[in-house]
Structures are given as C-alpha cells and as structure tokens.
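Residues in the sequence shown are numbered consecutively from 12, following this note's numbering.
Source of the hints: derived by calculation from the structure; they are not laboratory data. Hints should not be assumed to be uniformly reliable.
Label-pair ranges, simulated between beta-carbon atoms [as the list claims (entries may be wrong)]:
1) Met112 <-> Asn89: 19 to 25 Å
2) Asp102 <-> Pro21: 42 to 48 Å
3) Thr74 <-> His14: 33 to 39 Å
4) Thr74 <-> Tyr127: 15 to 21 Å
5) Pro21 <-> Ala103: 54 to 60 Å
6) Glu99 <-> Glu72: 23 to 29 Å
7) Asp92 <-> Gly47: 19 to 25 Å
8) Asp141 <-> Leu100: 18 to 24 Å
Once the Cα atoms are required to be at most 30 Å apart in a straight line, the calculated DSSO-like pairs of lysine-lysine come out as [claimed, not checked]:
9) Lys79 <-> Lys101
10) Lys98 <-> Lys45
11) Lys79 <-> Lys98
Ideal Cβ positions, reconstructed from N, Cα and C, are used throughout, including at glycine.
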Amino acid sequence: RRHWQSIGHPTCYGRFVPDTEAENLRDGSYRIPKKGQSYENWMLQVTTKAVSSEVNVQISEFTLQNHKMMLLDTHILNHADFQQTRKELKDASDVASAEVMHTTNRYWWRLVGRRYDVHSWAPDRRNYYDIK
C-alpha cells in the first residue's frame, strides 16, 4: 500500500510524493541550490530530476519522472504477451500508465498504482537486407 505526503515547501502546496521518496523531496529541501550550483543545473534538478512520482492536485495531474499519465495503448493491452498480466489486473479494459523512457526501438511504461512495468521493442531496421 502506498502512502502520499505533501512536499513541505511554501511553493509546493497541493503537490504530493510517495512516502518512499527521499526525505529531502518530502520536506522540500531539494529546491535549495547547492553551493556553486549554476542556475541552469538547479532548474534542471528541480523540474526534471528530483521527484520520480508526483500528484499535483492544483492542476489535477499525475506525473512519473516528469511524464504525464495516459492510457496504455490497446495494441499492448490486447497483445498475447500481456494477457497474463491483464488477468492479474482483473481483465481491466483501461490501464493508466506513464512513460518512463523511450529510445529508437524500445518503449518503457510504468502502470500507475499497479507495480508493473511494460517494455516494448520495435524491430531494428538498420542495415536490413532482405536475403532471397
């Protein structure tokens, strides 16, 4: 069971992170610049790297590593390789997910509130020759 705590910083009212996040995220001290840290690096840290999961009730948004929540694509939901997981999800027809990362040939989503990750690969088309 996951418990959420408010980020304890005056500029973060209505923003919640899981209690499994580091203490400096829950108390808001991650927003304090480190000695010698440039403004650019500080801004990058507080906007993209610091919090992995967050619920912002001010703007009704859930983000995971700064990626917004979306429904898992039906092609994946109906794929044969996903059916065992779908049974574990009690045959849910809509599954919320958030992108963790994507590269040229790989996609990675985290299923929201389910403690499952989904990886999908596309064929590598580099230097492909049809041998006949």
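message: To test your reading of the hints: which numbers does this structure violate?
response: Structure breaks hints 3, 5, 7, 8 and 10.
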